Each structure stands twice: as C-alpha cells, then as structure tokens.
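One line per chain: the protein sequences are R and B, in this order.
Residues 1 to 366 in the working numbering are what the first sequence spells out, letter by letter.
Residues 367 to 875 in the working numbering are what the second sequence spells out, letter by letter.
Simulated from the structure, these hints should not be mistaken for laboratory data.
Predicted model only: the values in this text are computed from it and were never measured.
We put the beta carbon where it would ideally sit given N, CA and C, even for glycine.
Label-pair distances were calculated between CB atoms; the ranges are:
#1 B:Lys-852 with R:Ala-271: 31 to 41 Å
#2 R:Asn-115 with B:Met-771: 31 to 41 Å
#3 B:Lys-860 with R:Ser-117: 19 to 29 Å
#4 R:Thr-305 with B:Gly-851: 47 to 57 Å
#5 B:Val-582 with R:Trp-42: 55 to 65 Å
#6 B:Leu-862 with R:Asn-115: 12 to 22 Å
#7 B:Lys-860 with R:Tyr-165: 42 to 52 Å
#8 B:Leu-862 with R:Pro-146: 36 to 46 Å
#9 B:Met-771 with R:Glu-19: 51 to 61 Å
In the DSSO-like style, the derived pairs of lysine-lysine whose C-alpha atoms are separated by at most 30 Å in a straight line are:
#10 B:Lys-841 with R:Lys-100
#11 R:Lys-17 with B:Lys-841
#12 R:Lys-70 with B:Lys-829
#13 R:Lys-70 with B:Lys-844
Spelled out from the first residue to the last, the chains are:
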Amino acid sequence: MGEKNPENDVSAAVKKKKEIVIDLESFGETLYHQMEQGEFPWIKMPSRSTENIYYNPELRQYVLGERKVKRSTRNIRHIRPFTQLVWTAFFAHQLSHQRKTSTLRDVYYSAQAYNMSFKDQSESDNVITDLETVIGFAREDFNIFPEERSAIFGDLTIEYTVPGYEGRQMNMTSHPDGLMIGPALTYSEFVKTSADKVIAIEKGGLFTRFIEENVHKKFNALLVLTAGQAPRATRHFIRRLNKELALPVYILTDGDPWGMHIAMVIISGSANAAHLRGLTTPDAKWSGVWATDIVDYKLPTDPLTEVDMKRLQELQRDSRYKDEIWQREIKTFMKIRKKAEQEAFSRYGLTYIVDEYLPAKLEESA
Amino acid sequence: MVTQVFEEISPADFFYRNRDIAGFTNPSRAIFASIRELVENSLDAAELAGAPPTIYIRLTYGEGGLESGVYRLRVEDNGVGITSRHIPSAFGQVLFGSKYKLKQARGTFGLGGTMAVLYGQITTHKPALIVSSTGSTKVYKYRIMVDIQRNRPIILERKILINKDQWHGTIVKFSLEGDYFRAMPKILEYLKQTALVNPYANITFVDPKGRLYKFVRATTKMPPLPKETLPHPYGVDVETVKRLMQMTPHRNMRDFMIKHFHRISEKIAYKFLEFAAIPRGKNPKRLGPGEVVKLVQMMKRFEEFRSPSASCLSPLGEELLKAGILKELKPEFIAVCQRKPSTYAGHPFIIETAIAYGGSIPKKTDFVLYRFANRIPLLYDEASDVSFRVIKSMNWRRYKASPDMPIAVLVHICSTKIPYKTVGKEFIADRPEVKREILNGIREAARKLRRYLSKQEHVEKEKRRLSVFSKYLPKIAKFSTELAGKERQPDIQKLLEIVNQVGRKESRK
Ligand SMILES: Nc1ncnc2c1ncn2[C@@H]1O[C@H](COP(=O)(O)OP(=O)(O)OP(=O)(O)O)[C@@H](O)[C@H]1O
Ligand SMILES: [Mg+2]
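Work out the full structure, taking the sequences as your base and the hints as a guide.
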C-alpha cells in the first residue's frame, strides 16, 4: 500500500464537495447582488480560446493563460448561454445537495423540465465546461458524468462513500468483467491493494484477454480499460492510483498516431481540459505498441492513411511530444508508413502478447 | 390590264374600318373602351366645372336580355356640359373636339366619345341619346346617329327642356354589342385605378346584374386647373409655324416670336433672330417657304430658349396621390415623389411616382405596376411600357426590396403631349428624357421605402431583443435566487426598462 498523501485524506473528498457547494452558492449570490444593484448580471472567467491555452512544463499539462473574458447579460448574444450557465449551476447545486449524479445526456434532458432548452447536447456539454471554468472544478466533482464508461479489474479494495453504500467495501476482482469506473468508484476511498503497477489498455478485447490470462496475478497489476480515449473520470482515477497508491502506470494502445495520443492524454492531458487540474498522470508510461515494435516483432500491418500522416505531423510539432522517445516513434511511423493494432500479436498465438511482449515491454519502459 | 379605281373615305369611315387602333377590337374590348372613353370625357368636363366629379355609370341588358349580347350604357356627369350647337358634332363626328389646345387633358384626339357611339351604331343600328346643359335655363336633348361616309352627325330628334335646378352636366346613353362578363375584371380594375388617380371623384357603377360598385372620394381638394399655353419653339414644325404666320396680326418678327411662342422675352427674341439671321423688323407673312423651313431648323438649334413652364400641366401632387393610394390600395406604407417639370422635344412633362408597400398589397412573384397618364390608368400592354422596363432594369436589392414582397409601383406622367405609341392610349413610348425622369422618380420613392424597411427591420429587431431579455432575465433571477438561498427575487424590472429605452432611442436615429 502506498504512502499517505494529501489526496488520500478521507475527509479531502468531503471537503472538496463542501467547497464546490459553497462556490456554486456564492456564484448565485454574486449575480443576485448585481441584479439588486440594478446591474445586468455578468461574470469574468478564464478564456478557453486556443490563444489562451499553454503547455506548462512544470505541471506537465496544458493550462489556461491569464486572459479573461467577460460575459454580460447586457449583451444579447451572451444572455442565452449565460442563463444556461446559471441554470446548470443551479442544477449541479441540486445534484450535490441531494447527493445524486447525472450524465451529460441527463443534463440535456433535465433542462427541458425547467423550460431551459439546449439546441443539442453539444450545447449543454459546452455550458457544463463553462461552469467547470467558472467554478474551477471538473464536472465529475459536481456530479455530472459522461455516458461512456471504462472499467477496472485487479486486487484493489475500495470503500464506497455514495449514499446507501457508505462504508461498504468491494474488491475489484469480484466481477470477472471488471468493474465500471462510474460515479460510485470515482468517489470511493482506496483501502488496500497487493498490486504494484497499473496497466491501462485501450481496447476491450485485450482487457478481457488479460483477465482470462491472469495478467493481474502474473504481473501483480491492476488492469484499467480506457475504452478508447479515456474519459475524464478514468483519467482522474488513474491519477489517484498513481498518486495515492504510488503505483507506476503503463499504457498499451494500438500502434498508430491515435493510440499514441490516447496514452498522451492520460499522461499530459488535453487542451479541452486546460482549465482543470488533477486529470493527468505525468509519470505514466506509454509501453506500446510502438512503431519500433512493429518492426522488431514483425507485426501484421496496415498502411498509414493520409489522415494518419497528417496527424503525425501535428503531433511532431506538439510540445507534449518533445521528449526523445515520442519523437523517435513519430519518425519511425513516418518512415515505415505502417500501423498495427494490439490484436496483431495474435499471429504468434493467443498468449504471446502476455508471455513474451508484455514482460519485455514492461521491463523496457520501467 | 386592270385599271385602279380610286375613292375617298371620310375620317369616320377610316376609324370605322380601323376601329381596333382606337381600342374597339372585339366585343369585350369594345365595352371596356366605351366606358373608359365616356368616363374620361366626364372627368375632363367636371374638372373644367371646378367641382369634384360625380360620375354615374349604368350598364344594363338590351331588349334581348343576356343572350343577345346587347347592352345599354348610360354615363352621367356633373361637368361643364356642351353648348347646344356642338352636341351633335361632339358625338357624331370624329376628330372634332375642344381639347386640341396646349394644356393637359385626358382627351386629345377628338375621337373617343364618337368612336363609342359609332361602335354602338354599327353593332345595334340604334341612335345615341345625348342630354346636356351648361347650367343655363335650358337642357338639350339630342337623338343622333353618325353619317359614317360623310363624318357628319345625323340629328333624329332635338328637344329643349327647362332646367329648373341649374343642373350642368352631360348624359350619354346608347346601345352596343359587347361581352361584359369577359370585360368585367378589366372594367372594375379600370374604375378602381381611376378612383385612385382621381381621389376627389365619386364614381358609381351599376352592372347588368344590378351589382353596385361605389368609389367614394377621399377628398374634395382638386389639383389646380392647367393653363393653356403657347407652343414652345423646340416643339413646333413647319406646318405649325406656317399656320401661325397666316393668322398672326403682328407685322414684325420680334412681335411674332414674343406673342406666339412660349416664354420668349424681347432679349431672347432679338438674340434668336440674330442667330437665325432674320431681320427683327421683317413681316412674318413675307417669309418665303425656304425661310420658314430655315426658321424652324434654327429654332431647334438655338440653345437659349427657356425651358417650357409647367403651368399647362396639372399633376396630382404628392398629397392627393397619397390619398388616392391609401383609399384604393390600403397599404402599410406609401412613398411618393413628384419630379420637377422637364421636357422632351419641346413638350413639358412631369413625372409622379409612388411606391406602396404591405397592407392590402398582394404578394406576387413580381411588383404590381400601376401606370397613369394625365390621370388615366393604362391597363394594356404593360410589358411594352417604358416604366415596366425601368423597373426591370433597377437593382432592387439596393433598396432592400425583392419581387416577392408586397410592393406596388405607381408612375404618373402628365404632359400636353403624352408620348403614347397608339391612339388607343395604352402605353408610353421609350423617350430617353421621360425614361430618365421615371427612373429618378422611382429611385427617390425606393430610397424612402428603403428607409422605412430598415426602420421596420430595426423595430422588429428591438421587439425580438426585448423579448429575448424578458425571456431570460427572469430565469437568471430565479435560479440565482435559489442558488443564493434568498427568499425574494431581485427586481429585474429596471433592467428590462433599460433595454426598452435603448431600443426606442436607437429606432429614433
Ligand atoms: N361629358 C362631356 N361633357 C362635356 N363635354 C364633352 C363630354 N364628352 C365629350 N365632350 C366634348 O366632346 C369633344 C369630343 O369628345 P371625344 O371624346 O370624341 O374627344 P376628346 O375627348 O376631345 O379626345 P379623345 O379622342 O382623346 O377622347 C370633347 O373634346 C369635349 O369638348
Ligand atoms: Mg374623349
């Protein structure tokens, strides 16, 4: 079990919840006060425009710059999103208060009950991101979750904090499909683990194979399924495993620019979440499938498409990719112009990836 | 070898043979043209009397009923009337009239009324009845026919009645073959447009089914009567000058020029005669044929004649035009424009234009065009009219207008000589001077329309604006109140008032 860490403090989660409720309330008070003074309600918030997003090498993630924007209801173009923002704050406050959670899609539909229509879900998602920026907390902290769910499997015991389950403990091997990383797991406290590493896996097929092949036992690992681009709750969860339990994290993705970027977002975060902290795991390692693996292991491949090549060029210029190993892999991809999926190892038999590839890669990236 | 046989025909015979050039083409057109000619004579006569016209038109089935296709037409007015001895010729002789003078009138050819009577006669072989008084103690009643071959009236009956009430006016009554039901839409449209461009007239029409159409005057104000004028030197030809020379009592060219032509001062007379190299003291009757031709040529070339005055014209005026449009078209917005007098070929003219928008104006695929000349509506051959082409040539998007909008464009031309293409008075020819004035007139009205439309747009925008604020501000108030845990909602009425005031201020700009 890892060392105690401030983020591991049992009361920290509760404290954070309280803080959020207070922030939401004071947001409402500010607007209330402005209206009482005969002012059109307004707010100032950090700008999320691309010109205001910077990579911070110390934090090893994207952050927002100094630029602020003023949203005022005096402006007819602002008044509708502003109203949506206030409603979302009100709704989040209710969720926290009632200790309920909601999905992004739920939020979109709930709005209609308050005569607060959103054009489509992307509009409501966007307003939720605004609220994150205003309050300075991730939507998961005010109980709003995306639909897509990822999973965890391995010897980790947690203790629930959600209503009705408070104090109940659960081991992450208790279900052979793994356990969904939903709101309940997100808010749970870690109790104990025998694992000494985390292996994050992009695809469900391989995750299941690993469970069947007892990878968690053979390698003493917790297995996390990211299901493609890892949802924020999962990124946050991986970070907690890394920080609170001091477990090293290894990421396995497809061998192409997109898989590479799935790993990178877990490690250094995305520009979309530059206004948030606590979602990155800077010490996590991308273990494969590398471009050099494609060559070394003679994997069956597909040719890189135009779009793949373009993406590689983008990544090559991205400051998150400036380290040598990334640059080397990008160059290799561009040179061999080939890509391979994780499943490609099956050509050597079903267990090859577990018996040969994985030990070698873990050793290599450790 | 065949020898040619020569014969001579009278003007009445000519128009009898070629009645379609005067608009009497077929039974449907004939009934329309008859009503139109008589109504226009009545309007002319009433205006001369200085009283707002009151015109009563009745069309009934003839003896044979609907089947026979014969109708009786009766038109009565409160005009100046016709002196007794001129009554027979006024309606029994073509090319006889009182409107050959140089001043604006609806009638020009001395043809219309007689053509109606003539058409009735050749289709029904019945005489026409004319009753008229100039307001004297007597009313004259004539029953006449036209001797077509000799272009002379035949008087069948003449009666003198006592005029008890100082009545003045004229009643014309005759039978004709026609097709009222085919002509009906055009007749009603004609009357409506006549009422529009003569907003001070009362016009009543009773149709063969007994249906009553009443066009009530919106005002008793009438435009000032036109004054008779002298010919402008640019507008005369050799024949006109020769006639003037024959009748003139003046014995020198100086007086001849000053007394017989429009707006010539002594100074200009001298300058011109010098320019034309004609001695100022020369007796006009002594000018040789070559000299007359030269005189006319020099008149066209001399550049210092003053342009014709518009006193011989009688435009409707912006106020009356507006009143007429308002009463007959009931639009939401009217822009009118009266252009300054202008001339073509020595003839003065004035263009009046208007654009009516919205209200009862129908939405079509194109603008509705109303054309008027000397207060007569022109209903046929729209596409050949110069106004039609002007409208087509304009870029309406510059004025925020498009053909699918409910827009009517009105063009009124007043002149001592309307540049008609035909005696049927149907459309205006393409004279560059006239065309330019029409274009400028429509543009001016269109600019006013654009201003109105922008303002409307702004008002609409403000309305939408206010509705946005009044939709969202209360919600913000409500949710912030709940978030803040307050009992009472903040007062947002002040904020909504600010929005409203700003909107009003901007729309006044
Ligand atoms: N209702 C009337 N009241 C008074 N005078 C009339 C009336 N109708 C006709 N006249 C006289 O009869 C004349 C001949 O009329 P007619 O309609 O034939 O010709 P016009 O009106 O002079 O020219 P146009 O052929 O253009 O109509 C007129 O000039 C006018 O003097
Ligand atoms: Mg006439």
